[in-house]
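K.L.:
Protein chains in written order, with our numbering: chain A, 1 to 375; chain B, 1 to 131.
Hints were generated in silico from the structure; no laboratory data involved. As the structure is a prediction and not an experimental result, all values here were calculated from the model. Warning: the hint list may mix true and false statements.
Taking beta-carbon pairs under 10 Å as the criterion, some of the chain B residues facing chain A (in silico) [as the list claims (entries may be wrong)]: (1) 21; (2) 48; (3) 83.
Simulated pairs of lysine to any residue, SDA-like, Cα-Cα distance not exceeding 20 Å [as the list claims (entries may be wrong)]: (4) A:154 - B:121; (5) A:154 - B:104; (6) A:154 - B:105; (7) A:154 - B:68; (8) A:154 - B:4; (9) A:296 - B:105; (10) A:154 - B:108; (11) A:179 - A:156; (12) A:154 - B:109.
Derived CB-CB ranges, DEER-like [said to hold, decoys possible]: (13) A:185 - B:83: 46 to 54 Å; (14) A:17 - B:49: 46 to 54 Å; (15) B:18 - A:304: 35 to 43 Å.
Just so you know, even glycine gets a beta-carbon here, dropped at the ideal spot from N, CA and C.
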Amino acid sequence: MRGKVVIAGIGQTAQGKHPDRSPTSLNVEACCKALQDANVDKDAVDALFVKYPTSGHLPMYGQTMAEAMGLQPRIGGVWDQGGAASASMIGFAASAIEQGQCEVALVTIADNPRTGTRQAYERGWGDDAVFGWFGTPASYAMIARRHMEEFGTKQEHLGAVAQACRRHGANNPGAQLRKPLSAQDYAASRQVVDPLRRDDCCLISDGGAAVVLMSAVRARAVGVPAPVPILGYGQGQTSWEVAQRPRLTDTAAAVSAATAFAMAGVGPKDIQVAQLYDCFTITVLMTLEDYGFCKKGEGGPFVEDGRIEIGGALPVNTSGGLLSESGMPGMQLVTEGVRQIRGTSSNQVVGATTSLVSNQGGIMHTHSTLILGSS
Amino acid sequence: MSEVPLPTVTPLTEPYWAGLTEGELRHQVCGACSNVWLPAREECPRCLSEDVAWQASSGRGRLISWVVYHQASHPAFADRVPYNVAVVELDEGARLITNVLGPLEELAIERPVVLQIEQEAGFSVPRFRLL
Ligand SMILES: [Zn+2]
């Protein structure tokens, strides 16, 4: 299975504000760009995997998208896993190609929470709203506090994640937020829900991104210009709500990574560059731990001294991540993971041959991992 | 000023809210495997038994984690910031979202807390104070 399916093409819209554009229109643009990049005609596409748009409830959205693309897919549909959906759908599409269920798959996400509605991220949590329990950031803050109290993780460690992403985003012409962040800026940034500050929270962005998948054999046969092999993938889920989770500092990222590493036949030491889902800074620290880049509880010290910045031992989120490039939930991390293997990133890690991508959704409920390689 | 969003009482959750009105915090317990939990469910999430009963908690527990809102996501809480929201685990094992009464600087994980039922727009809600 390892390397038998490739990402043949990547595409993404501009990130930021798209007033008067629907998620469907953004998806179509991303798909067109990915097909162009792969040098594949849309008539070759026989599978269409679409992320459920979080900001608006659009039932049977997979069919809406297929109609908009003028496609009659053999398989496909909508995957509702929040921010883990992109990498998960790529895994499913790769499996489907391998099993002969389809030959050329488009995997796409788009949403417009910035100029549309962001209500989904700010609502109260059912009956617990009576306690003032509202919004997605607070749930991540609840986990962050426990991590800080249990392991001695410092506010500066969260800040180091934000600084790395903002440094990389500043050098990415396509990033929505290109202003670097100093340690002083971070410390002065507004408290949103303590221990999270404004600069710990991802951007809110309109945009879309898509990839085209096919077998490595087919990619060679049709002359795809820059195919990137998928070496491994995996998923994991922690289904408890935050309050019910037996340990707030454990996530299913560990299960997801173990599956992906085993499939790829590599380990954390073989990874030269990682795109780690950074909806909030704490997520990056915990993903580094659960993936085995460091021990549990040592994510904070790991990110000190620029270790996750370009030039460091493990550059992370080299296009800026959700904190700087775009708050779009995850596919832009995949496209950047692909660019690192192609050697075309605006923050290229020299000689990167194995590139890792993490996606996660909900309040660390769902997790998905992709490992991409150059051979 | 906007009203605090109140819980929606359903047949499933009625015994919980009735307990608070009567001065006790109840959790569910499984007749088949003795698992204990909140919030209300129809089946035990461990053994899937439907033999589920309500039991009064001691009201004693410990602080698992907490956050402090510096900006309100709902206008009803605008004049309460900064306010905390916490996760408390009861001695019996059930966990819930709540508020901890007491100075923010004294909050710490694993600190013992005890139930203090308070009124919120005529609704009895479970809060906790530091022990
Ligand atoms: Zn049971």
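K.L.:
Are any of the numbered hints broken by this structure? If so, which, sorted upward?
P.N.:
1, 2, 4, 8, 9, 13, 15
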